[in-house]
Amino acid sequence: MSLNIVLIEPEIPNNTGNIGRLALATGSTLHLVKPFGFEIDDSRLKRAGLDYWQHLDIVYYDDIDDFFTKNKTANMVYLSSHGKQQYWDIPFKDDLFLVFGKESVGLPKHITQNNEDSLFKIPLYSKHIRSLNLANAVSVVVYEGLRQLGSK
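For the sequence shown, position 148 matches number 148 in UniProt numbering, and the numbering has no gaps at all.
Treat the hints as calculated values from the structure; they're not laboratory data.
Every clue listed holds true.
In silico DSS-like links for lysine-lysine, alpha-carbon gap of 30 Å or less:
| # | residue 1 | residue 2 |
| --- | --- | --- |
| 1 | K93 | K121 |
| 2 | K72 | K84 |
| 3 | K127 | K84 |
Simulated restraints on C-beta separations:
| # | residue 1 | residue 2 | range |
| --- | --- | --- | --- |
| 4 | V59 | E39 | 14 to 20 Å |
| 5 | V59 | P91 | 19 to 25 Å |
| 6 | D63 | S131 | 19 to 25 Å |
| 7 | G150 | V105 | 29 to 35 Å |
| 8 | D89 | E11 | 26 to 32 Å |
| 9 | F68 | E11 | 17 to 23 Å |
None of these values were measured; they are calculated from a predicted model.
For every residue, glycine included, the Cβ atom is placed at its ideal position computed from N, Cα and C.
Sequences and hints are given; from them, build the entire structure.
Spelled out as structure tokens, the structure:
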């Protein structure tokens, strides 16, 4: 079982470091799409990823076009607070790409508009927040995927 975690233009090094650690723990591949809101050698990234970073299966992309060009045949789903479907309804399968947007604004509008059938959300039960922390959201979705894949 393997999943692909995609971060489009991540901004916060601690989130990216924690997601890297999660990727390693779950056997997932981490895909990082530039530009980043930090330097890849940022001490906060390293601290959050601890000494695991060198063991990660990680792929870097120059920009969003580079990512989609290199993965044009990949099976992808997109996570956004604007999704109409719940994350537990994602049709998980090996090698699925789970695409997350940047912390401040989420996925670009053209992605959410052009992929409504593949757009999923994590439900929020309070009107006082608009989204979960990115690292928490990725964890929720990845472990649900592993749970579903393990039961197949």
